[in-house]
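Peer 1: Take a look at the letters that make up each chain.
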Amino acid sequence: MRVALFVTCLGDQFFAEACADAVRLLRHVGAEVSFPTDQTCCGQPAFNSGHRREALRMMRHTTQVFADAEYVVLPSGSCAGMVRSMYSGLSDTDEARAAAEDLAARTYELSEFLVSVADCEELGDGLTGHRVAYHHGCHALRELGVSDQPVTLLRSCGAEVIEWSADRECCGFGGTFSAKLPEVSAAMADHKLDTLPDVDVVTSADGGCLLQLSGRAGRRELPVPFRHLASLLWQGVAGAEAPRGSA
Amino acid sequence: MTGSSPEYRPGAYREAAAHSLRETPMVRDSVGSATRTFDSLRAHAYADVESDRWRDWARDVKGHALTHLDQYLEQAERSLVRNGVHVHWAATAEDVHRVIAKVVETHGVRTVVKSKSMLSEELDVNAHLESLGVRPVETDLGEYIIQLLDEPPSHIVGPAIHRSLDDCRVLFHERLGTPLDSEPDELAAAARAALREDFLSADLGISGGNFLAADTGTVALIENEGNIRLTTSVPRVHVALVGIEKVVPRFEDLAGLLQLTARAATGQPIGLFVSLIQGPRTGDEVDGPEEVHVVLVDNGRTTLFEDDVAWEALRCVRCGACLNICPVYRQTGGHAYGWTYSGPIGAIISPGLLGLDRALPLPHASSLCGACTDVCPVRIPIPELLIHWRERTVDEGRNSTAERLGMKAYAGLAERPGAFSAAASALRWTPWRAAGRALPVLSGWVQERDAPSPSPRSFRDLWREGIE
Ligand code: SF4
Numbered sequence: 001m002r003v004a005l006f007v008t009c010l011g012d013q014f015f016a017e018a019c020a021d022a023v024r025l026l027r028h029v030g031a032e033v034s035f036p037t038d039q040t041c042c043g044q045p046a047f048n049s050g051h052r053r054e055a056l057r058m059m060r061h062t063t064q065v066f067a068d069a070e071y072v073v074l075p076s077g078s079c080a081g082m083v084r085s086m087y088s089g090l091s092d093t094d095e096a097r098a099a100a101e102d103l104a105a106r107t108y109e110l111s112e113f114l115v116s117v118a119d120c121e122e123l124g125d126g127l128t129g130h131r132v133a134y135h136h137g138c139h140a141l142r143e144l145g146v147s148d149q150p151v152t153l154l155r156s157c158g159a160e161v162i163e164w165s166a167d168r169e170c171c172g173f174g175g176t177f178s179a180k181l182p183e184v185s186a187a188m189a190d191h192k193l194d195t196l197p198d199v200d201v202v203t204s205a206d207g208g209c210l211l212q213l214s215g216r217a218g219r220r221e222l223p224v225p226f227r228h229l230a231s232l233l234w235q236g237v238a239g240a241e242a243p244r245g246s247a
Numbered sequence: 001m002t003g004s005s006p007e008y009r010p011g012a013y014r015e016a017a018a019h020s021l022r023e024t025p026m027v028r029d030s031v032g033s034a035t036r037t038f039d040s041l042r043a044h045a046y047a048d049v050e051s052d053r054w055r056d057w058a059r060d061v062k063g064h065a066l067t068h069l070d071q072y073l074e075q076a077e078r079s080l081v082r083n084g085v086h087v088h089w090a091a092t093a094e095d096v097h098r099v100i101a102k103v104v105e106t107h108g109v110r111t112v113v114k115s116k117s118m119l120s121e122e123l124d125v126n127a128h129l130e131s132l133g134v135r136p137v138e139t140d141l142g143e144y145i146i147q148l149l150d151e152p153p154s155h156i157v158g159p160a161i162h163r164s165l166d167d168c169r170v171l172f173h174e175r176l177g178t179p180l181d182s183e184p185d186e187l188a189a190a191a192r193a194a195l196r197e198d199f200l201s202a203d204l205g206i207s208g209g210n211f212l213a214a215d216t217g218t219v220a221l222i223e224n225e226g227n228i229r230l231t232t233s234v235p236r237v238h239v240a241l242v243g244i245e246k247v248v249p250r251f252e253d254l255a256g257l258l259q260l261t262a263r264a265a266t267g268q269p270i271g272l273f274v275s276l277i278q279g280p281r282t283g284d285e286v287d288g289p290e291e292v293h294v295v296l297v298d299n300g301r302t303t304l305f306e307d308d309v310a311w312e313a314l315r316c317v318r319c320g321a322c323l324n325i326c327p328v329y330r331q332t333g334g335h336a337y338g339w340t341y342s343g344p345i346g347a348i349i350s351p352g353l354l355g356l357d358r359a360l361p362l363p364h365a366s367s368l369c370g371a372c373t374d375v376c377p378v379r380i381p382i383p384e385l386l387i388h389w390r391e392r393t394v395d396e397g398r399n400s401t402a403e404r405l406g407m408k409a410y411a412g413l414a415e416r417p418g419a420f421s422a423a424a425s426a427l428r429w430t431p432w433r434a435a436g437r438a439l440p441v442l443s444g445w446v447q448e449r450d451a452p453s454p455s456p457r458s459f460r461d462l463w464r465e466g467i468e
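Listed in order, the protein sequences are those of chains Y and Z.
In this text, residue positions in the first sequence follow my numbering: the first is 1, and each later residue adds one.
In this text, residue positions in the second sequence follow my numbering: the first is 1, and each later residue adds one.
By construction, these hints were calculated from the structure, which means they are not laboratory data.
Computed from a predicted structure; not experimentally measured.
Wrong hints could be hidden among the right ones.
Here are the simulated distance ranges between beta carbons [what the hints assert, rightly or not]:
(1) Y:95 - Z:92: 44 to 52 angstroms
(2) Z:132 - Y:163: 41 to 49 angstroms
(3) Z:60 - Y:129: 39 to 47 angstroms
Some chain Y residues well away from chain Z (every beta-carbon gap over 10 angstroms; in silico) [unchecked claim]:
(4) 101
(5) 118
(6) 124
(7) 196
(8) 201
Note that CB positions come from ideal geometry on N, CA and C, so glycine has one too.
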């Protein structure tokens, strides 16, 4: 399995350690990992705010960068959703559409790849005794249909995934939405935080959601630790000694 | 809508939402718990049937009717006329007002009983009636409550959803003299007793219409309280206001549509009352109005229909399911949206019906989470339509210059990997709080949240050094 890692903008700058953990996980399941250094942004911020032309430029760039990859794996549900579910519709020519559909067929969110392609159901026991809440990022859940995979993997590492009534409700990030309508966005995060059960850590396959939830928890001085799914799963493999993720 | 609330118009959405969260936190509590209850009832009601297939079917029936709108509207008109109904075509709200004024004048109407109709809200019918010296009485319990409070509805199906039981206890105590500790049943009984007089004295009943079957000329109405049945059968004259998008080809189609709408709206297999109105009372019938008018209302719908993407919003059956599941709507209820239709459906039809300039920023009042589409009984691709209106905003140059230039620059960088990573690293180390004053995107973020802490080194750097 040759995997090209697409770390995404937030991954590169805010979840660098988690992306490194994603590399470790992928190697652990036998993948040969590459990092095409010409990668930039999937175009989602432009697409979601109505800047179609700009989104198209980023899509063209991305389809070129990953043209030869056997698999493209992203430690981000929403960017994976952009590539897999939106690129085809965004295309302006038949050629672009063909390239987009070809890329979509090779693109996976990390936990989805581990379970569905690498056939991995067992990672280790490094999370034994950990009480974990999993936040379903909206795009992983709805655009990719990723819902059981992360939970299965967390459980396989010994974590107890605690029921959370709002686990599938949007955290309020929504890209530029969080900055355009910050009051409503924060109220959405508050609902998540106010319904959170007693856990050791909150995790998600989406960095954006984690920034939103941890940023809001920080402002409210709530002592809730957040970690990216990739880091938590790598801890599951390597145990407590695992290099610490950044979030 | 309390105290010095911001203006009631879509343009004030951000201020109104912030005001509601800050000043009336109990609205968030009432709306949050009511919508979550509605949504879980809906989920059970969907699970009991093959709802995916029902929804495909409903999407296709409504879609077919819309793509053959002229044909079915003309057929509906012929059927209605054959049934003895007066049919009026209204291009605008003023046209509707004229029809109503004529009926009021002809029949010397003093009191009008009304059943819940969002179209009537859209057309400002109550204010018009009052200007004619006519007293409009809302007979749906929720509408009755907000009429007493002089507030607009905050939800398509539950207009008083933003009010708590205690609010209602106080209101009814003051206005109807009920004890302060009355149970909901007792409050409803008090309203019913007060309304009974109005039903008997009203000369005109005004209703909406959930569906209009073209082949039989049948106006179908769903409800739970029985007030629609009375509104449409007790007064001498009945006027039904029906949006042109409500027409469906066949009487037979009503069976599926009525059941699906009830399941989506309240989780019921069907409304407790379904009225199928076929025309005025005839010879041997003992009740029903002497005269029935159906007003077929456009009011911007044709313009919306001409939009290649946004027309899909016209399939809407106004069930409110998208509001109930919407995490944005749940924070404020409907008043913040500043117009009759709120929540996801409001955000996608207001630009079509009001014009994009008046509707902004509603298409942005969404995190694009997509929960609405999961539940919509007619499968309107709501996030796609939201993005469509955002694209129109950009195309028409209605977004800020800063945003436009920023996105252009960003796309330019994204095509040049070296520059992109340098710029990204720079952003990583931006002092957000200070930069917030210059960059609106950052100021919006740090207003409500702590700035994110960047990784000590970018992934690019880690990769270059080698990952063990
Ligand atoms: S858009 Fe769909 S879910 Fe929302 S009110 Fe209309 S029919 Fe119901």
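Peer 1: When the structure is checked against the list of hints, which entries are broken? Sort them ascending.
Peer 2: Violated: hints 2 and 3.
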